[in-house]
Structures are given as C-alpha cells and as structure tokens.
Amino acid sequence: MHLLSLLIWLPILGAIVVLAFGRNAATARWLTLGFAVATFLLSLPLWTGYDVTAANSMQFVESLPWIRMIQSNYALGADGISVALIVLTSFTTVLVIIGAWRPIEKRVSQYMAAMLALEGMLIGVFAATDALLFYVFFEAMLIPMFILIGVWGGPRRVYATLKFFIYTFLGSIFMLIGLIYLHLKTGEFSLAAFSHASLDAREQTWLFFAFLAGFAIKVPMFPVHTWLPDAHVEAPTGGSVILAAIMLKVGGYGFIRFSLPITPDASQEFAWVVIAASLIAIIYIGYVALVQEDMKKLIAYSSVAHMGFVTLGIFIALALVRVNGNADAARLGIQGAMVQMISHGFVSGALFSCIGVMYDRLHTRLIRDYGGLAHVMPWFGTFMVLFAMANCGLPGTSGFVGEFMVIMASFQTSPPVALLAAFTLIISAAYTLWLVKRIVFGPVTSEKVAKMQDLNMQEVIVLGAFAIAVLALGVYPKPLTDLMEPAVLQLVQQLGLVTL
Amino acid sequence: MMLSKTILLLVVLAPLVGALIAGLLRNVIGRAASAGVTIAGVALSCALSFYVLHQLVWGGAATFNENLYTWYQVGHYSAHIGFLVDRLAAMMMVVVTFVSLMVHIYTIGYMAEDDGFSRFFSYIALFTFSMLMLVMSNNFLQLFFGWEAVGLVSYLLIGFWFKRPSAVFANLKAFLVNRVGDFGFILGIAGALLWFGSLDYAQVFAAAAAPASEMLKVEIIAGHPWSVATVVCLCLFVGAMGKSAQVPLHVWLPDSMEGPTPISALIHAATMVTAGIFMVARMSPLYELSETALSVVLVIGATTALFTGLIGIVQNDIKRVVAYSTLSQLGYMTVALGVSAYAGGVYHLMTHAFFKALLFLGAGSVIVAMHHEQDMRHMGGLRKQMPITWITMWLGSLALAGAPGFAGFFSKDAIIEAVGESHRYGAGYAYFCVLAGVFVTALYSFRLLYKTFHGKPRYVVDAHHGHGHDDHGHHAPGHLAHAPHETPWVITLPLVLLAIPSVLVGWSTIGPMVFGDWFGNAIHVRAANDVLGELTHEFHGAWAMTLHGFKQPPFWIALAGFLVATWIWLFNPGVTARFKSALKPIYSMLVNKYWIDELYQAVFARGGIALGRGLWKGSDAGLIDGVAVNGSVAVVDRVSMTVRWLQSGYLYHYAFAMILGLIALLGGVWWVAHTAL
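From first to last, the protein sequence lines stand for chains A and B.
Its first residue numbered 1, the first sequence is counted upward by one per residue in the working numbering.
Its first residue numbered 1, the second sequence is counted upward by one per residue in the working numbering.
None of these hints come from the bench; they were simulated from the model.
Please read these numbers as outputs of a predicted model, since none were measured by experiment.
Hints are not guaranteed to be accurate.
Straight-line distance between alpha carbons at most 30 angstroms, and here's what the computed DSS-like set of lysine-lysine pairs gives [to be verified]:
id : chain 1 : residue 1 : chain 2 : residue 2
1  : A       : K437      : B       : K617
2  : A       : K106      : A       : K448
3  : B       : K163      : B       : K593
4  : B       : K163      : A       : K448
5  : A       : K437      : B       : K163
6  : B       : K584      : B       : K456
7  : B       : K593      : B       : K580
8  : B       : K580      : B       : K456
9  : A       : K451      : B       : K163
10 : A       : K437      : B       : K593
11 : A       : K106      : A       : K451
12 : A       : K437      : A       : K451
13 : B       : K384      : B       : K456
14 : A       : K437      : A       : K448
15 : B       : K5        : A       : K478
Construct all of the structure, not just a fragment, from the sequences and the given hints.
Listed below in structure tokens is the structure:
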C-alpha cells in the first residue's frame with residue numbers, strides 16, 4: 001500500500017483534473033472538494049495505522065530509485081511528526097476549499113487547482129526521506145503559492161510575491177549547497193545517511209548556518225520575517241491560511257529533520273543564536289503586533305511571535321539533553337514545539353479565515369473600519385473571541401498546550417529564558433484582545449458595519465471545524481503527543497550521543 | 001469510606017452541561033428554558049456539594065485524590081486532570097455552588113428585561129464549572145486551567161454590555177492585569193516542577209516536606225543564593241495578587257463593576273477573587289518553608305486592607321463602595337495567610353462570601369428599584385419603599401463591620417488577634433493596618449446605608465413613562481420614571497437566604513474551623529508559626545468570644561467608626577462639603593485612587609504602544625526592511641543596471657567581449673600552468 005505516494009499524487013492529479021474539466025465554476029468547486037476530502041480521509045489511516053510500539057519510528061516507507069547517477073531515491077516515510085503535519089495539511093486544505101466557495105469568483109478552476117497542487121507538494125515535503133526529493137517539493141510549493149498571491153492577491157501583490165519568492169528562494173539556495181556538500185561527503189541523499197555522516201566542527205558550523213538560512217526564513221524567525229506580513233496582506237484568504245497554517249511549519253520541521261540530527265554539535269554551539277532570536281520574536285514582535293492597523297499584518301506578526309515558541313522548544317532541547325542530561329525535559333521541549341506548530345496551524349488558519357469573513361463583506365482590512373461586530377454578527381463574534389483566546393494561549397484551547405510545555409521545559413535549564421518566554425502571556429493577550437475590543441466589541445461604528453450579515457453555511461463549517469480542533473487539542477492533547485513520542489524519543493536519544 | 005467519583009464528576013459537569021445548552025441552543029430553547037437548565041445544573045451541583053461536605057465531615061469519608069485522565073505524558077513529565085477533595089475543597093465547593101445558586105435565582109429578576117438573558121445564564125454556569133475545576137484540582141495544571149478559565153468568564157461578563165465603551169475597556173484591563181499575575185503564576189508552577197519534581201500537589205508537598213527542601217538554593221542572580229521555596233512562593237503569589245486584586249494589581253477590580261451586578265456578587269466578591277486566597281492556603285506546605293514569602297504576603301495584604309478601604313469612603317457609586325470594601329476584605333484574608341493563619345483567612349473567605357454577596361445583591365436590588373441609577377447622591381430614604389432590602393443590607397453591613405455575634409465578627413476578630421500574636425517581620429505594620437481598617441470599614445459601610453436608605457429622598461419621580469431596562473440614560477441624573485418599590489421575590493429571596501448565614505454561620509463554625517483541627521491535612525502549619533494554635537488556648541466557645549469581643553479594641557474602633565458615620569451622614573449631611581475643602585489634598589488623593597490608574601495608563605498602556613510603534617517604524621520597517629532588505633535590493637538593482645548596459649544587443653559588442661574573455665581565459669590558463677610548474 002503506497003499510502004504516502006497516494007496522498008502526494010492524488011491532489012496533484014486532482015489539480016490536473018480540475019484544470020481539464022473545471023471550466024464550469026461549480027464543477028470545479030465540487031471536483032476540488034471531492035479530491036480534498038478524499039485526501040483527508042486517506043490521511044487518517046496514517047494516524048490510526050501508525051504503530052507507536054514499533055522499533056522503527058519511520059513507517060509507511062516507500063523507496064524507488066530515482067536519479068541513479070547521484071544515488072537519489074524517491075524515498076518516502078512518515079513518523080509521528082510527519083503524520084501530524086500531513087493530517088494538518090489535508091484537514092486545512094479541505095477547510096480552505098470550503099472557505100473559498102463563494103469569495104473566489106474569478107478563475108475558479110485555476111485557484112482550486114493551485115490549492116490541490118500545493119497540498120500535494122506540502123505532503124511531499126513532510127513525507128520525503130530523501131534530501132533531494134525534499135528539496136524539490138520544498139521549492140516546488142513556492143510556485144502555486146506564488147501564483148495564488150500573484151493572481152488573486154491584493155493591489156501590492158507584485159511587490160509581495162517577489163519579496164516572498166526571492167526571500168525564501170535565497171534561503172533555500174544555501175540549503176541546497178549544504179545538501180550537495182553532504183552528498184559529496186556521503187555519496188547518498190538519504191536523510192538517514194546524512195545524520196550518520198561524520199562531520200567535524202567546521203563542517204557542522206557551515207552546514208548549520210546553511211540550514212538556518214533556509215529554515216529561519218521559512219519559519220520565519222527574527223530578523224528575516226519581514227516578508228511574511230507583506231505576503232499575508234496581499235494574499236487571498238485561502239493563501240494566507242495555507243501560508244500561516246502549514247507553510248511556516250516547513251521551517252520548524254526542517255530544523256527537526258535536518259539541523260538537529262545532521263549538525264547536532266553546531267546546533268548546540270549556536271543554539272543561543274536561535275534561542276535569542278526566538279525570544280526577540282516573542283517579545284519584540286509582540287510589541288510590533290500591538291500597533292498594527294491592518295488586521296492581517298497583526299495576525300501575521302502574531303504568527304512570527306508564536307513560531308518563536310517552536311524554535312525555542314526545539315533548540316532549548318539541546319541544552320537540556322546535552323548539558324543538563326535531562327532527556328525527558330528535552331522531549332518535553334520538542335513535543336511542545338510540535339504541539340505549538342499544530343495548534344498554530346489551527347489558530348492562525350482560523351484567525352485568517354475570520355479576517356477573510358470580514359474582508360468579504362467590507363473589503364477592508366483596517367481595524368478602524370470595524371467596530372461592534374458582536375451586535376450584527378453574534379456567531380462570528382463568538383468564534384472570533386474563541387480563536388482570540390486560543391491565540392492568547394488560554395488553557396483549554398490548543399494555544400496553551402505547546403506554550404506551557406515549552407515554558408516548563410525551558411525553566412528546567414534556564415529560568416531567565418522561561419521568564420522571557422512567559423512574557424507572551426501578557427503581550428499576546430494585549431495585542432489579541434485589544435484587536436477584539438476594537439472590532440468585535442463596542443458600539444457599531446458605521447452604517448456599512450450595521451449591514452453586515454452573520455456567517456453563512458460555508459463559513460460556519462470552516463470556523464466550526466477549526467473550533468472543534470482547537471478545543472479538542474486543548475482539552476486532551478495526549479493522543480497527539482503519544483503519536484509523536486516515538487519520533488521525538490528517537491531524535492533525543494540521537495542528540496544525547498555526543499559525537500564531538 | 002470513599003467519596004464517589006461519579007458524584008464529584010456530576011458536581012463539575014452539571015453546570016457545564018447547563019452552560020453549553022443555554023449557550024449554544026439559546027435561540028432554540030428560549031429564555032425560560034435557558035434559565036431553567038442552568039439553575040437545575042447548579043442546584044444539583046450545590047446539593048451534591050453539601051452531600052460531599054457532609055460525607056467528609058460527618059460520614060467519615062477519606063480525602064479523595066485521584067486522576068481522571070492524563071493530559072500528556074512525556075518521559076517522566078506528566079500532567080493530569082484530577083480531583084483532590086478534602087475539607088478545604090469541599091468548603092469551597094459549598095460556598096461556590098451556594099452563592100452561585102443564589103445568584104442564578106436572583107438573575108431571573110435582575111436581568112428580566114435584558115436581551116442577553118440566556119447568554120448571561122450560560123456565562124455564570126460556565127463560571128461555576130471553571131471555579132469548581134479550580135478548587136477541586138489536585139495539580140498545578142488544572143489549577144491554572146481553572147484560574148484562567150474564571151478569568152475568561154470574568155472577561156466576558158465584565159464586558160457583558162459590550163455596547164458600552166467603558167465596559168469593554170474594563171474587561172480588557174481586567175484580563176491584562178490578571179495576565180500580569182498569571183505571568184508570575186506560570187513561572188511559579190515551572191519552579192515547582194523543576195525543584196519539587198512534579199505538577200501534582202501530593203508529590204510537590206511530599207518533596208517540600210523533606211528536610212533538605214528548605215536548604216535548596218538557587219542563584220537567579222549570580223552570587224545571590226535564594227531559597228527555592230521563596231522563589232516559587234513569591235511567583236505563585238504574584239498570581240494571587242492578580243486574581244485576588246492585591247496592591248499593586250488591584251486596579252482592575254473597581255472597574256469590573258461595569259459588569260451586571262449579579263456577577264459582581266458572584267465573581268468579583270464571593271468566589272473568583274478569593275481564588276488567590278484559596279491557592280495560598282492550598283499551598284501552605286510550600287509557604288511554610290519561606291518566612292520571606294510570608295512576610296511579603298503579610299505586607300501586601302495589610303497595605304491592601306487599609307489603603308483600598310480608604311478609597312471606599314469617598315465613592316458615590318453604590319457598587320464601587322462595595323467593590324473597594326471587597327478589596328479591603330481581600331486584604332484581611334491575605335494578612336491572615338501572611339501570619340500563617342491560613343484557616344482564619346479561608347474562614348473569612350467563607351463568611352465574606354455570604355455577606356459580601358448579600359451586600360452586592362442588595363446594592364443590585366437598589367439599582368433595579370432606582371431604574372439603574374447607581375449614584376448614592378440621588379438616593380436616600382429608600383428604607384420605606386424597600387424594607388427587605390433595607391434590613392438585609394443592614395445585617396450584611398453589621399457582619400462586614402464586625403458587630404459581635406455576626407459572622408464577620410468571628411472571622412475578622414480571629415484574623416486581628418492572629419496578627420497581634422504573630423512575630424513575623426511586618427506584623428506590627430499589619431496590626432496597625434487591620435485595626436485602622438476596622439474604623440474605615442465601619443465608616444464606609446454605614447455611610448452607604450445612610451446615604452441609600454436613610455434621610456430624605458434626593459431623587460425626583462417624573463410623570464412620563466417609557467424606559468428600557470438596559471438603556472438607562474434617558475433620564476437626567478436623579479430623575480426616575482416610576483417611584484422606587486421593593487423588588488420581586490426572586491431578588492429578595494436570595495437576600496434573605498444569604499442574610500441567614502451572614503448572621504448565624506459563625507456561631508457553630510468558628511470553633512472547629514479556626515480554632516480546631518477541622519481542615520486536617522489540607523492546611524499545614526509549622527508548630528513555630530501556629531498563631532491560631534496559640535489562640536486556641538484562649539478560645540472558650542463562640543459565646544465567650546462574643547462577650548469577649550465587646551472588651552476588645554476592634555469593637556471600640558468599629559463603634560467609633562459607626563458613631564462618626566452616624567454623626568456625619570445621618571445627622572449632618574452638609575458637613576462633608578466642609579471636610580472636603582478642609583482636607584482637599586487627602587480627598588483628592590482618595591478620589592483619584594492615589595493616581596495609580598493614571599500611572600499605569602501612562603507607563604504601560606501608552607508606553608507599550610509607543611514602544612511598539614518605535615520598534616515597528618524604526619526597527620522593522622526602518623532598519624530591517626528599509627536598510628537591509630530594500631537596501632540589498634537597491635544594490636542588486638544598481639548592479640543589474642550596470643550589467644544591463646553591457647547587454648547592448650549589438651553583435652560587435654558581444655564579439656568584442658568574447659574575444660576579451662578568450663584572452664583572459666587563455667591568459668589565466670597560461671598563468672596557472674606557469675605558476676604550477
């Protein structure tokens with residue numbers, strides 16, 4: 001059963017089918033939905049079928065010779081980390097397609113096809129166990145996103161797309177050089193071989209920074225985050241949702257798959273760089289988010305701040321396992337980072353969907369154009385407050401789980417780092433709830449706002465599904481952490497073996 | 001005998017189910033059913049809480065401590081959802097569900113004409129669920145969950161009338177100030193996990209009981225070893241300062257009066273704001289390890305007790321007087337914790353829950369009768385129109401002022417005596433504050449009664465009709481559409497039911513709960529710190545204590561306050577103007593609440609926004625985007641412009657360039673070959 005291949009190629013096939021037969025907009029929508037739902041349903045057996053007791057955490061393995069000359073294989077596999085991200089991808093894609101049902105009216109089939117193609121490539125990124133294959137998907141997914149922003153985007157879309165493309169492409173060039181170097185060193189492209197390559201300190205340092213360039217931009221980390229607000233502002237709602245919910249996760253995933261196992265010593269050596277950047281993201285970006293006038297920019301900055309917890313959790317683990325010898329706390333940190341990624345997928349996806357709902361009605365993203373939505377759109381207000389609370393990390397929502405775990409783990413090795421990270425409790429509440437105060441509460445500010453309609457059926461489905469996910473993960477995160485535990489355990493054990 | 005897990009689950013889940021039905025299906029089932037289902041849920045929860053307490057106290061049931069499910073398990077780090085139900089928890093469950101039930105019934109009358117009727121019931125039932133999760137928790141994670149969940153419901157309820165800008169300002173402020181507290185709280189939890197090795201109370205307390213734990217030091221600042229118990233306790237107490245509104249994090253509570261009055265009674269007087277007190281009492285095994293932390297608790301509590309009470313004297317909004325009184329009483333509870341008289345603090349929490357809920361609901365009754373007028377300057381003489389409210393408010397105020405025999409007397413006197421007995425650093429200051437506070441309490445309490453119920457009416461009844469419940473402001477201040485009259489039974493019944501314990505509860509409970517070993521293992525006090533244990537020798541029953549009370553300083557101080565209040569506000573109302581001008585600086589300081597709000601607004605609110613704007617425009621858009629990103633783009637642009645000049649399109653240019661290139665290449669090869677040789 002080539003489940004992973006199916007999950008990658010089914011949506012890409014779907015994209016071709018939709019382009020070919022989707023001249024009628026309604027046909028295109030239903031066809032796309034069919035492919036997306038089928039992909040989602042097929043991704044569930046990954047979760048249910050994943051054997052947490054097996055000796056090898058990498059499962060559903062497939063391998064075919066691909067480019068024989070350079071020993072590169074079409075090699076796929078998924079551990080709990082991949083499975084979680086793949087299911088997140090297929091889940092979010094279904095919601096994005098439902099969310100685009102009415103708002104997207106021009107070039108429907110192309111939009112839908114781009115979404116499906118993007119889904120296939122994202123799943124490919126999370127499933128590839130061959131570095132070259134990973135790189136191909138990693139780059140290829142830029143193309144549909146480039147098209148989504150460039151065609152259906154806002155007025156400054158050209159600037160935004162170019163900035164987005166050049167920024168991320170620049171980073172991945174360094175990564176490619178690193179991969180080629182590793183290939184020359186090992187003669188292979190498999191990630192497993194890379195992580196067993198014997199690299200001296202200098203090599204590790206160069207490789208670490210090559211990977212850092214690629215993944216830090218993707219996350220994005222301070223100070224290479226400025227492409228994200230611009231890209232979000234110009235992207236259509238669906239593009240923003242996919243960008244925030246999934247594409248950013250590729251960066252965190254890359255750190256876990258490449259930086260930690262392949263360059264563990266350099267990662268430990270330079271962990272402070274990443275940790276410092278993460279803390280700056282949490283605090284500095286929080287302040288920047290506070291004063292944004294454009295809702296999308298505010299949530300985009302909030303994404304950067306929340307992703308700070310991901311990088312913090314991943315890199316604090318190195319000190320925990322190697323300096324303190326506390327492997328369990330290291331696992332807690334990495335688990336926290338992973339839960340934060342999944343949670344941020346739900347929460348940022350939901351918040352961008354909420355902004356989409358408002359934008360579709362009033363065609364403005366400026367905070368000052370709204371006010372008092374709780375009167376005219378009570379159901380919308382309820383969802384907005386829920387997702388805002390999740391964004392502030394309220395216990396009982398998914399937003400709390402990862403932050404709690406990362407703060408707990410950080411405190412085990414460095415209380416001051418935990419203290420700075422915990423500052424998010426105040427700053428995230430300040431920027432999120434101030435936003436809510438201005439748009440949801442207060443008196444109705446204008447005639448236009450007074451005429452806004454509450455949620456339609458598609459919007460209820462999208463926000464409702466996100467809400468269930470946010471609450472389920474917040475109330476009972478154990479199924480997710482259990483799923484990822486074998487992979488995290490294996491990674492931490494590997495990190496524990498000090499090689500230099 | 002064991003407590004039944006099913007029953008405990010029902011206690012928690014019944015209000016939650018009610019809240020979900022009323023919240024999600026409110027448009028389907030209608031107003032009456034929304035109220036009915038939540039009241040039924042809370043009533044069931046209340047009845048079962050009484051049953052649980054009965055089982056623990058008289059039924060010989062053992063403490064219940066069990067995990068319900070595992071939240072996560074990573075290595076040896078685990079987090080659970082579970083219940084710890086001992087007498088401390090059971091007492092809290094009874095207080096929470098009983099006051100909540102009273103407030104639910106009261107709400108039928110108070111919110112009768114409000115559009116958000118069903119939504120309101122959904123919120124207060126959700127609050128009850130959250131508060132129960134907090135007090136029944138057996139671990140720090142669930143404690144934090146309950147802690148923040150009650151904060152969320154408080155946020156939603158303060159902003160319940162979200163059309164009002166003042167309400168949505170107040171709820172944001174309340175949430176953010178509480179988040180400052182939670183910032184400390186979560187670090188305290190992390191500290192407990194690091195140094196005591198678990199998130200479970202039982203394991204943390206067991207680790208703390210080990211003799212070595214007191215010696216455990218940490219250097220937060222290099223070269224300055226601190227006891228870890230002090231660090232953990234202080235961090236946790238920052239959380240308590242937020243939730244229980246202790247100076248300097250008290251600023252949110254007066255503003256929270258923007259919410260409907262029933263929740264002021266339930267959340268901002270009786271239950272949620274006492275969560276901090278409960279938490280410290282629950283953590284007594286940790287706090288007992290740190291004299292330093294307890295001294296901080298003592299001083300903060302004493303400051304709150306006196307200085308917030310003083311503000312209450314100059315307030316004209318009836319609810320705000322009660323709100324400042326709440327702050328002051330929370331200070332008393334904190335003082336009790338600070339001298340290791342945890343049982344006294346928790347006992348005052350209980351009596352205060354009854355009489356303060358009564359006072360708030362009584363104030364609400366007045367507000368309903370006055371058609372949502374809250375300014376006491378436009379009240380007066382209401383005793384004739386609203387006798388039940390008048391009498392129950394008097395009983396509540398006597399309890400608050402500590403009249404001998406009333407519930408508040410027993411609890412407050414126990415605290416004052418405990419402070420007098422204590423030798424802890426700061427106890428002298430605290431003793432002064434709590435005694436002076438007694439005078440202040442009597443002053444504002446009787447001022448409220450006189451201004452509201454006595455004297456001549458200072459309102460005018462207009463002839464014309466047509467008023468909405470929610471949208472007041474149709475009338476000029478002090479002008480009413482109808483004459484005020486006593487409120488309906490759904491409002492007065494809870495007043496009467498709350499007045500009973502406010503008067504009587506002390507008689508049978510003071511002995512066992514404060515001077516006995518009623519709380520058992522739930523509260524741990526070291527022998528050296530046990531001031532209540534010392535006082536036990538002097539305690540000879542509630543009757544003797546009452547008689548003794550007449551001979552004690554607090555009684556005479558309270559009496560003085562009563563007499564001064566009577567002289568000023570009953571017999572010489574005009575005299576206050578003279579006081580105001582004579583004591584202008586002090587009056588202005590109190591009216592402006594020591595300018596703390598202005599300070600915070602300037603430093604944290606405006607300062608934060610200015611900082612954000614500076615970072616955004618200066619650093620993010622300026623340095624990173626302006627200089628680094630667009631700068632490098634400009635460089636690339638410049639280079640490519642130059643390079644473009646080369647691509648002229650003329651064949652001879654290219655041919656020339658090729659020749660140059662060839663020469664350079666050959667030259668290079670030649671040079672390499674020669675140097676290599």
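Which earlier hints can't be squared with this structure?
-> Hints that this structure does not satisfy do not exist here, as all of them hold.
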